[in-house]
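With the hints as extra help, turn the sequences into a complete structure.
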Amino acid sequence: MLAVTAVIQVDDLHKSYGATRAVDGVSFQVERGEIFGILGPNGAGKTTSVECLQGLRHPDSGTLRILGLDPAHDVREVKRRIGSQLQESALPDRIKVWEALELFASAVPGASDWEGLLDDWGLTAKRNATYASLSGGQKQRLLVALSLVNSPEIVFLDEMTTGMDPLARRVAWGLIERIRDRGATVILVTHFMDEAERLCDRIAVVSSGKVVALGSPEELRREHGGATLVRFSAKIGDGGFLKKIKDVTAVRIDGESVEIEGTGAVAVSVAAALAAKGLAPVDFEVARASLEDVYLLLTGDTGDGSDESPVEEAP
Amino acid sequence: MRMVLRLAWLEGKLLLREPITLVFVLVLPVVMMIVMCGVFGNEVEVEDDGQVFFMGVGATDYYMGAYVAVVVAALGLINLPTHLATYRERGVLRRFEASSISRWSLLWAHTLIMIVLSGIGATLVVVTAKLIYDPTDPASPGLLILGFLLAAATFAAFGTLLGVLMPTARAAQGIGIMLWFVMFMLGGVGPPPEVLPDAMGAVGEATPLLHAVRLLQGTWLGTGWDWGRAGILVGILVASLGLTALVMRLRSAR
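As they're listed, the protein sequences go chains A and B.
Letter 242 of the first sequence, counting from 1, is numbered 242 in this note's numbering, and no numbers are missing.
Letter 31 of the second sequence, counting from 1, is numbered 31 in this note's numbering, and no numbers are missing.
In short, the hints are calculated from the structure, not lab data.
Incorrect hints may have been included.
Each computed SDA-like pair below joins lysine to any residue, with the alpha-carbon atoms no more than 25 Å apart [what the hints assert, rightly or not]:
id, chain 1, residue 1, chain 2, residue 2
1, A, Lys-96, B, Ile-20
2, B, Lys-13, A, Leu-123
3, A, Lys-96, B, Gly-12
4, A, Lys-96, B, Arg-94
5, A, Lys-139, B, Glu-89
6, A, Lys-139, B, Gly-91
7, B, Lys-13, A, Ser-89
8, A, Lys-139, B, Leu-16
9, A, Lys-139, B, Arg-6
10, B, Lys-13, A, Gly-136
11, A, Lys-96, B, Ser-252
12, B, Lys-13, A, Glu-99
13, A, Lys-126, B, Gly-91
14, A, Lys-139, B, Met-3
15, A, Lys-210, B, Ser-252
16, B, Lys-13, A, Arg-94
17, A, Lys-126, B, Arg-17
Have a look at the derived ranges for each label pair, beta carbon to beta carbon [stated by the list, open to error]:
id, chain 1, residue 1, chain 2, residue 2, range
18, B, Val-27, A, Glu-102, 26 to 34 Å
19, B, Met-185, A, Ser-151, 51 to 59 Å
20, B, Leu-165, A, Thr-263, 53 to 61 Å
21, B, Leu-16, A, Ala-19, 42 to 50 Å
22, A, Asp-165, B, Leu-149, 19 to 27 Å
23, B, Met-185, A, Asp-60, 42 to 50 Å
24, A, Ala-125, B, Arg-17, 17 to 25 Å
25, A, Ala-19, B, Glu-205, 38 to 46 Å
26, A, Gly-136, B, Glu-205, 50 to 58 Å
27, A, Asp-119, B, Arg-17, 24 to 32 Å
28, A, Asp-201, B, Arg-249, 32 to 40 Å
One-sided and incomplete, this derived list gives chain A residues near chain B with beta-carbon spacing under 10 Å [said to hold, decoys possible]:
id, residue
29, Leu-64
30, Gly-83
31, Ser-84
32, Leu-91
33, Leu-143
Where is the CB? At the ideal position from N, CA and C, for every residue including glycine.
Right, here's the structure in full:
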């Protein structure tokens with residue numbers, strides 16, 4: 001079953017804290033060179049799952065393979081080959097930016113050039129600043145830079161853009177793509193939809209400790225997003241010709257305003273049919289489910305109240 | 001080992017950037033020593049009924065070994081646990097743990113720093129005493145240093161255990177200060193031990209501080225190396241290390 005290019009394989013992972021099932025049968029695999037998103041509400045089990053992969057927690061049951069290694073047993077080797085930007089972690093207040101980078105680089109033989117990371121992550125001007133004096137976004141960037149000092153094959157970024165201003169987030173997105181372009185696989189834990197949509201090749205949506213959907217952003221929208229809506233204003237009578245179009249599932253007419261529900265490329269078919277009749281409504285618009293709609297649909301209140309975990313708190 | 005030294009060097013620099021945190025633990029023992037020695041002087045006092053105080057030596061001489069131990073206890077019970085618990089609470093330990101820097105390297109680095117700071121604090125106490133009160137010189141300086149190192153290592157291990165056990169920095173600081181005060185009052189460095197009621201004396205006898213105090217006093221006053229006390233300190237040292245290792249094992253398996 002294991003594809004040769006899979007760098008991470010998670011099979012039926014379970015992890016409980018007391019009576020709370022934080023992770024309840026999670027399975028997924030990640031291919032080399034992907035940006036893989038793990039999306040879900042707070043307490044869904046995202047962080048616990050990646051912490052098991054990083055060797056920071058021991059799973060109750062399930063099989064984990066990362067770079068062919070078992071993180072519970074080969075922690076040292078795993079840590080040497082992965083990079084981790086952890087949620088809710090920090091550095092000592094008085095440590096200077098360059099000292100932190102030099103320290104972390106010194107822990108790995110053959111560490112990459114940390115001066116370059118300083119530059120990449122826009123911290124050159126803050127080289128001699130203490131950690132406590134950095135802004136939220138600068139702190140995050142430093143923590144990400146630290147996760148890259150060992151030139152990792154897999155990088156875990158856990159809510160890395162939290163605390164960054166919009167501009168800093170855009171810059172960070174560009175850098176994440178650069179990390180990937182250099183050949184690393186990126187695991188992006190986030191609850192920002194735009195971030196997941198823009199960056200991720202594939203996304204696992206996690207809710208209440210389970211993977212509820214898995215696929216590319218486009219696949220998720222197609223499979224879970226429901227109908228496409230087309231709206232325009234035109235005099236089309238009873239609209240009989242529209243009902244005959246292949247992908248159309250419903251037509252609602254209220255005076256001149258028309259709303260059509262359909263699947264697949266329904267919008268193009270409808271537009272073509274209108275054009276053929278010489279109709280060109282200027283307010284023609286198409287509404288497709290956004291990833292956010294899909295996400296809300298998939299992770300909406302499941303009613304079992306079990307999606308609280310002690311390790312993930314609302315920000 | 002290289003990583004331990006590197007971390008210790010860095011931690012040392014961090015401390016110097018915020019020296020105020022050290023004032024309490026380094027200056028307080030000096031102030032207390034000045035007060036106690038000033039109050040009791042250095043005459044050997046024998047009451048009419050033959051009762052002796054300060055084990056039959058001058059109070060100033062008595063307090064020398066005692067206050068070297070006080071420095072060690074203040075750093076080990078207050079500074080070290082608070083610092084480690086702060087690191088854990090804020091996620092610094094997690095950050096280190098996720099990298100290739102081991103938790104143990106960090107703990108050893110803090111132990112090293114604590115022993116160095118104890119040396120500085122002890123020197124402050126002794127030099128100040130020498131300048132103001134001119135106590136008798138230590139009888140066996142070599143054994144005194146050995147006893148100091150054993151006491152510092154023991155309190156470093158005990159403080160590390162407290163630091164990894166306490167859930168928050170506030171808890172660590174609260175417990176640390178409380179333990180330190182109890183040991184201070186009953187552990188042979190406050191009122192002369194002869195005036196303590198029996199029950200309090202017994203509690204004092206159970207504190208690690210009293211063992212460190214008596215061991216150091218023996219080397220200072222020339223009554224020799226107290227193997228019994230040294231053995232107890234080694235026992236506390238080993239037990240603390242073992243429990244720390246156990247706690248860390250359980251934590252990492254969560």
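A quick look at each hint next to the structure:
no. : hint                                 : verdict
1   : A:Lys-96 with B:Ile-20               : holds, 19 Å
2   : B:Lys-13 with A:Leu-123              : holds, 21 Å
3   : A:Lys-96 with B:Gly-12               : holds, 13 Å
4   : A:Lys-96 with B:Arg-94               : holds, 19 Å
5   : A:Lys-139 with B:Glu-89              : holds, 17 Å
6   : A:Lys-139 with B:Gly-91              : holds, 13 Å
7   : B:Lys-13 with A:Ser-89               : holds, 21 Å
8   : A:Lys-139 with B:Leu-16              : holds, 22 Å
9   : A:Lys-139 with B:Arg-6               : holds, 23 Å
10  : B:Lys-13 with A:Gly-136              : holds, 24 Å
11  : A:Lys-96 with B:Ser-252              : violated, 29 Å
12  : B:Lys-13 with A:Glu-99               : holds, 10 Å
13  : A:Lys-126 with B:Gly-91              : holds, 22 Å
14  : A:Lys-139 with B:Met-3               : holds, 24 Å
15  : A:Lys-210 with B:Ser-252             : holds, 24 Å
16  : B:Lys-13 with A:Arg-94               : holds, 9 Å
17  : A:Lys-126 with B:Arg-17              : holds, 17 Å
18  : B:Val-27 with A:Glu-102: 26 to 34 Å  : holds, 33 Å
19  : B:Met-185 with A:Ser-151: 51 to 59 Å : holds, 56 Å
20  : B:Leu-165 with A:Thr-263: 53 to 61 Å : holds, 60 Å
21  : B:Leu-16 with A:Ala-19: 42 to 50 Å   : holds, 47 Å
22  : A:Asp-165 with B:Leu-149: 19 to 27 Å : violated, 52 Å
23  : B:Met-185 with A:Asp-60: 42 to 50 Å  : holds, 48 Å
24  : A:Ala-125 with B:Arg-17: 17 to 25 Å  : holds, 20 Å
25  : A:Ala-19 with B:Glu-205: 38 to 46 Å  : holds, 45 Å
26  : A:Gly-136 with B:Glu-205: 50 to 58 Å : holds, 52 Å
27  : A:Asp-119 with B:Arg-17: 24 to 32 Å  : holds, 25 Å
28  : A:Asp-201 with B:Arg-249: 32 to 40 Å : holds, 38 Å
29  : Leu-64                               : violated, 15 Å
30  : Gly-83                               : holds, 9 Å
31  : Ser-84                               : holds, 4 Å
32  : Leu-91                               : holds, 6 Å
33  : Leu-143                              : holds, 7 Å
The structure fails to meet hints 11, 22 and 29 from the earlier list, while all remaining hints are met.
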